[in-house]
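*Asks:* Using the sequences and the hints, build the whole thing.
Number of protein chains: 2
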Amino acid sequence: MADIPIPKNRLNLPETIWWDEGELFLLDQTQLPLAVVGERQDTIEQVSDSIKALKVRGAPAIGVAGAYGLLVGIKNDRQLPVGDFMARVESQAAWLGEARPTAVNLKWGLKRMVEFAKAQTAASSRELYDLLVEEAIRIHDEDRELCRMVGVHGAELIKPGNGVLTHCNAGSLATSEFGTATSPMYVAHQNKVPFKVYADETRPLLQGARLTSWELQQAGIDVTLITDNMAAHLMSQGLIDIVITGTDRTAANGDVANKIGTMGVAILAKHFGIPFYVALPYSTIDFDMPDGKGIPIEERDPEEVTHFGMRRTAPENIQVLSPAFDVTPNELVAGLITERGIIRPPFKENLLREYATKGA
Amino acid sequence: MADIPIPKNRLNLPETIWWDEGELFLLDQTQLPLAVVGERQDTIEQVSDSIKALKVRGAPAIGVAGAYGLLVGIKNDRQLPVGDFMARVESQAAWLGEARPTAVNLKWGLKRMVEFAKAQTAASSRELYDLLVEEAIRIHDEDRELCRMVGVHGAELIKPGNGVLTHCNAGSLATSEFGTATSPMYVAHQNKVPFKVYADETRPLLQGARLTSWELQQAGIDVTLITDNMAAHLMSQGLIDIVITGTDRTAANGDVANKIGTMGVAILAKHFGIPFYVALPYSTIDFDMPDGKGIPIEERDPEEVTHFGMRRTAPENIQVLSPAFDVTPNELVAGLITERGIIRPPFKENLLREYATKGA
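Line by line, the protein sequences give chains C and A.
The numbering of the first sequence is my numbering, which starts it at 258 and goes up by one.
The numbering of the second sequence is my numbering, which starts it at 258 and goes up by one.
No wet-lab data here; the hints were simulated from the structure.
Just so we're clear, the structure is a prediction, and the values are computed from it rather than from any experiment.
Treat the hints loosely; a few may be bogus.
For identical chains, the list gives no copy identity; a pair is met inside one copy or between any two copies.
Stated by the list, open to error - 35 Å max Cα-Cα, derived DSBU-like pairs, lysine-lysine: (1) Lys605 - Lys265; (2) Lys375 - Lys615; (3) Lys527 - Lys550.
*Replies:* See below:
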């Protein structure tokens, strides 16, 4: 498996997910930055495990991986009658949707595939499968374009000489090509705006150290790595002008669920008068969730906190809390940068208006 | 060296520093919690290296180690005439004082030894050395007692059922016996008050994961380890009622220099209306430093951020910032818990009054 060639995207970064000759491949992000390794996904169980193990991660990427992953889960059922095949599409989608509870995009991508399948009048399961392949590729292509558009709208926020703080990885590796939080950075960099990025390392799984700092460095952007607890000091020194993060799910009132630590950064930004922005595909907004209180917070394995890499760094039998996400209240958010433009407070009203005019 | 027996203190925890038969020993804290290992200090250079490498760390412990370390640096000069010996005392103290720039206690302990030496009228260098040994032991004993008194005053702040957050290790391992930030916890625990402690792991060097959670666990206190970036989430969930940290140096206006990340915790506490206390020996207050702006912030090796244990976790050649401390402005501090009692705002006035009545 070690020699799988990895295609490059338009930013000259490795693709995170690709569909090639009827097979799904993922970049194994757990091995970055030490090794750049692709892995073929042979079963839906493997896809689910890859999602759980964060080999593929980031809300939009999980949505795309879910759509392709469903194909992996049904490709051997193409001999079934259409009705049975359709039942299989639904049950496999429901099963894969449970891989991670907080990310709304996984269920979104799977729901779109299921509804697309229902709307078809295919003569055979084989034909329906081929149409579903086209739909998954469309989801992927749309994600590429909307990520780029997030950056087109968000780039105006980054002024020459700015310091930009980001948390976790809502980058190219988390999405398709431009990322979400990173997309304004990539577009500003393409526009030759000079700026600095500070990347929180993002304990426990170090997405900032391993992924964000790596992909920005690869793309030639001036990036400096810090530990999570240095952000306040940098802000106090005037090094940070704007914070941009991603989100795994945003409620209808603008409350933002994202990687643990995001709320802390937002509170610090408010304290220092620094605007805190969230970049996201419009699909990440969960209009069925009135506010952030209802968003389930995944609790992760304690070993992610007690170990670093393979090495134990805490006492045996120590008690641990390990929430994977927190919910940043909407009053801390300066704006939601979407592919449709920047949505400003009051979010409840402005998101409802957006919903009314353009749908979910 | 692996079989050096380590004496226990009154909390039944390993001593961090001990003077035995004319020799100085340190617990090598860099090996905790995986191994409990003592190390004899044969030269002043070794003591300086041990301080730099954080084998001994924590402001009060460094002060004690400095006093004993000076003895190590002059013990082979006892054959010199008293005047030459005294010059050697001063030069060795000045040299050892440079091991860490931020900690005021190191210079404080050394200055006390030098001034004590100057005040003696010893007939021989040998006699003066013996008097200095007694003075170092006195500094150590006084540190034990004042740490315990910090806890006696601070314990009243911990109510039954409270959640107490602490950052870094201002514990038994950082001081003599009761610690500073941990002393109210140890005293409350001795008083059979039930409470929970949440320990920030404290990147980059994980003093919370390796040391605080270990020593509290050893002492039978209910302690839960979290990553630094989880504190805001715990506060939002109502799990934290009080924050207590230590300090490496506190300015005359109550600005608090402490381990990087402390200011962030203080800002979060303010946001959630949680009182933020700092526990410290009175000697940690630097009356020559009018406010925190003048406190030098040590910049540590970038590898502490890019590596975890021996393992690289960040890209090659990534830019890094690694400030070891930050300065929490006095308006975020609810009180300074000292061996003399709890000093409340306004700090500038109340610290001046304390200084005027009782001296530095």
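*Asks:* Against this structure, judge whether each hint is valid.
*Replies:* Quick rundown of the hints versus the structure:
With identical chains, the CA atoms of Lys605 and Lys265 are never at most 35 Å apart, being 39 Å at best within one copy and 60 Å at best between copies. Taking the shortest Cα distances, Lys375 and Lys615 sit within 35 Å of each other inside one copy (23 Å), while across copies they are farther apart (82 Å). Within a single copy, Lys527 and Lys550 get their C-alpha atoms as close as 21 Å, and across copies as close as 22 Å, so both meet the 35 Å cut-off.
The structure fails to meet hint 1 from the earlier list, while all remaining hints are met.
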